[in-house]
Amino acid sequence: MNRFNKILSPLLQPLAAILVGLIAGAIAIAIAGGNIVETYSEMWKGAFGGFYFLTNTLARATPIMLIALGVALAFRSGFFNLGSEGQMVIGAITAAVIGLYMPGPGWLVSTAAIIAGAVAGGLWSAMAGFFDYRFRVNLLISTLLLNYVVVLFARYLVSYPLKDRTGSAGLNQTPMLDASVWLPKLFKGMPLHLGFIFAVIAAVLLYILLKRTVMGYEMRMIGGNPLFAVYGGVRRGSMMMTAMLFSGAFAGLAGAAEVLGTQYRYLDGALSSAGYAWTGIMAALLANSHPIGTAVAAIFLAALETGAMGVERNTEVPLEVGDIIQSVLILFISARLTYSFIKRRKGQNTDGTAV
Amino acid sequence: MEQLFDLALLNTAIRVLTPILLAALGGALCARVGLFNVGLEGFMLLGAFAAVVGNHFLQNVFLAVVFAIVVCMLFSLLFAYVSINLRANVIIVGIAMNALAAGVTTFSLRAIFDVKGAFYDSKMVGLPKWNIPIIQDIPVIGQIFSGHSPLVYLAFFCVALIWFYFYRTVSGFRFLASGENPLAASSVGLPVRRYQYGAILVSGALCALAGAQLSLGQVTMFTENMTAGRGFIALVATMLGQSGPLGVMGASFLFGFMDALSIRFQGLALPTQFTDMLPYVVTILAMFFFKDKSFMQEAQKQGTSSR
Numbered sequence: 042m043n044r045f046n047k048i049l050s051p052l053l054q055p056l057a058a059i060l061v062g063l064i065a066g067a068i069a070i071a072i073a074g075g076n077i078v079e080t081y082s083e084m085w086k087g088a089f090g091g092f093y094f095l096t097n098t099l100a101r102a103t104p105i106m107l108i109a110l111g112v113a114l115a116f117r118s119g120f121f122n123l124g125s126e127g128q129m130v131i132g133a134i135t136a137a138v139i140g141l142y143m144p145g146p147g148w149l150v151s152t153a154a155i156i157a158g159a160v161a162g163g164l165w166s167a168m169a170g171f172f173d174y175r176f177r178v179n180l181l182i183s184t185l186l187l188n189y190v191v192v193l194f195a196r197y198l199v200s201y202p203l204k205d206r207t208g209s210a211g212l213n214q215t216p217m218l219d220a221s222v223w224l225p226k227l228f229k230g231m232p233l234h235l236g237f238i239f240a241v242i243a244a245v246l247l248y249i250l251l252k253r254t255v256m257g258y259e260m261r262m263i264g265g266n267p268l269f270a271v272y273g274g275v276r277r278g279s280m281m282m283t284a285m286l287f288s289g290a291f292a293g294l295a296g297a298a299e300v301l302g303t304q305y306r307y308l309d310g311a312l313s314s315a316g317y318a319w320t321g322i323m324a325a326l327l328a329n330s331h332p333i334g335t336a337v338a339a340i341f342l343a344a345l346e347t348g349a350m351g352v353e354r355n356t357e358v359p360l361e362v363g364d365i366i367q368s369v370l371i372l373f374i375s376a377r378l379t380y381s382f383i384k385r386r387k388g389q390n391t392d393g394t395a396v
Numbered sequence: 314m315e316q317l318f319d320l321a322l323l324n325t326a327i328r329v330l331t332p333i334l335l336a337a338l339g340g341a342l343c344a345r346v347g348l349f350n351v352g353l354e355g356f357m358l359l360g361a362f363a364a365v366v367g368n369h370f371l372q373n374v375f376l377a378v379v380f381a382i383v384v385c386m387l388f389s390l391l392f393a394y395v396s397i398n399l400r401a402n403v404i405i406v407g408i409a410m411n412a413l414a415a416g417v418t419t420f421s422l423r424a425i426f427d428v429k430g431a432f433y434d435s436k437m438v439g440l441p442k443w444n445i446p447i448i449q450d451i452p453v454i455g456q457i458f459s460g461h462s463p464l465v466y467l468a469f470f471c472v473a474l475i476w477f478y479f480y481r482t483v484s485g486f487r488f489l490a491s492g493e494n495p496l497a498a499s500s501v502g503l504p505v506r507r508y509q510y511g512a513i514l515v516s517g518a519l520c521a522l523a524g525a526q527l528s529l530g531q532v533t534m535f536t537e538n539m540t541a542g543r544g545f546i547a548l549v550a551t552m553l554g555q556s557g558p559l560g561v562m563g564a565s566f567l568f569g570f571m572d573a574l575s576i577r578f579q580g581l582a583l584p585t586q587f588t589d590m591l592p593y594v595v596t597i598l599a600m601f602f603f604k605d606k607s608f609m610q611e612a613q614k615q616g617t618s619s620r
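Protein sequences, first through last, are from chains A and B. Residues 42 to 396, numbered by the working numbering, are exactly what the first sequence covers, in order. Residues 314 to 620, numbered by the working numbering, are exactly what the second sequence covers, in order.
Mixed in with the good hints, there may be bad ones.
As the list claims (entries may be wrong) - Here are the simulated distance ranges between beta carbons: (1) A321/B with R276/A: 37 to 43 Å; (2) F426/B with N266/A: 49 to 55 Å; (3) H369/B with G145/A: 54 to 60 Å; (4) A473/B with Y142/A: 56 to 62 Å; (5) I64/A with Y480/B: 52 to 58 Å.
The set of hints was computed from the structure by calculation and includes no laboratory data. Where is the CB? At the ideal position from N, CA and C, for every residue including glycine.
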């Protein structure tokens, strides 16, 4: 019973929030004039109804998982890294440049592109950490604003120096990468690519890092109680930069994997408008930054998105219903719904002094 | 340089700083009661959308602005309930509010107007432009301060109002005290929660005005995500201004000026991507000079907070 409680009680909070989110979604569906049951069953079919849809959901979950893991690492260390979008974009554009211009055999180029993407994302993110540590520039705000800077810079690159001049379309994008550097698909004809394996490995590695290493312990300590950690001799500045470096590297990897596995080029706005970064942040929040839980939450949120696309294909309800469900459940995720309920129950048993 | 800096530039700066100033004042109110409101961006977006919806259906600019205020206050009530009563992490709630605002506005754009991306209606009337009788005849000042929408003047009036409230009224003094040390304030019987609710609701209303200025001020349309980070810039303006109304006004003027400058640069041969970057880069640079509280102070303060 005790063991059962230990597994179940952390799940109670997210499940309550998900329920609230689904209720909000139902209200939105009703307002848009849709049938609630039919819409939700279409959503299920769009996300998991058949092997193609399942792999499609997992393919969409790939960048979200990687970003969410990076954000989870930063959150665990007590730093709000909201710059995943920029870190992902800088990883993606770096991977695209390496993929286009580096000579050599395909496997070498794609390995180099993946690594370069992760390094670029990590350094960009560590820069924000350095600013906070050295100059006390608020990390939350600086990471947010750096997103705009790097997205605009990438837009400049694909609008002028790197622009694809071969196609007739006026899209701002790089030329297509050579097929030899593409990440292989896991199943023939399905959108799922090798990046998903990277994401799963990353989740396991992060779990080991946080739970089984000294550095992970220090990170959790500084996130849990910064004063205690500093008193215990943890160097906050270098910890912050390390955490941000890894956190950004995950996001950079996500961008690189998207370019090499799905898009095969850097297309302006393709990564930002899909909202991978914000969904990733939400996944980390939903799972309270537990590495394995974060991966599961990322798949769940990706399923909401691919499901919403199915809803839009087959009903009158717009696909943004997925966004509404996501945001409402995050709104309530850190609210102490279950907490206050339990506390009230307890209050009845005691003399009623509980607030 | 002649063509870069002239009075029209300052006139533009006054116009574009208004949404930032209004939202930043809302942020300052929240910051003063110990709530870091990251949701300014979302409230502003909701305000912009609600103003256009109100304008379309009510056919009246004044009612449209009132409608925007009502909508934003409802959403800020949700923000307040979740972060004060349910004791959620304010930053997470703010992030969720931003996402919710983006979702609700795009969803409603499809559900109400059946369009994607942007809504424009030629029949809609924007905010009027006011020419202040005496001031418009004064040579330099007239060119800068005249011919703006009423919300621009209202924004500056709000600065004065909040300054007066903070530093010249008893209630304002208690408001500040309840933010400075909530535990001490509630121990002497101040209704800390009521001040927090008030701050969030007023900040919602101010963000609604900011949004209305965006969607009904210069252009009369709504586009998805039209706030484009202005809420976050307003957040920085709040921080730079140390959450005081006059400081916030100064910081907003800096960002408004940069925004106006970036609009002006577009006329030159520079790629627009770099000119668009200017407000964000300047904002980051500004943070180097106006330092945030150190984390030790922050952590120690958290230990004494009752919330």
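So, going through the hints one by one against the coordinates:
1. A321/B with R276/A: 37 to 43 Å: 52 Å, violated
2. F426/B with N266/A: 49 to 55 Å: 50 Å, holds
3. H369/B with G145/A: 54 to 60 Å: Roughly 58 Å apart at Cβ, these two residues keep to the hinted range, so it holds.
4. A473/B with Y142/A: 56 to 62 Å: 58 Å, holds
5. I64/A with Y480/B: 52 to 58 Å: 45 Å, violated
Going through the hint list in order, the structure does not satisfy hints 1 and 5.
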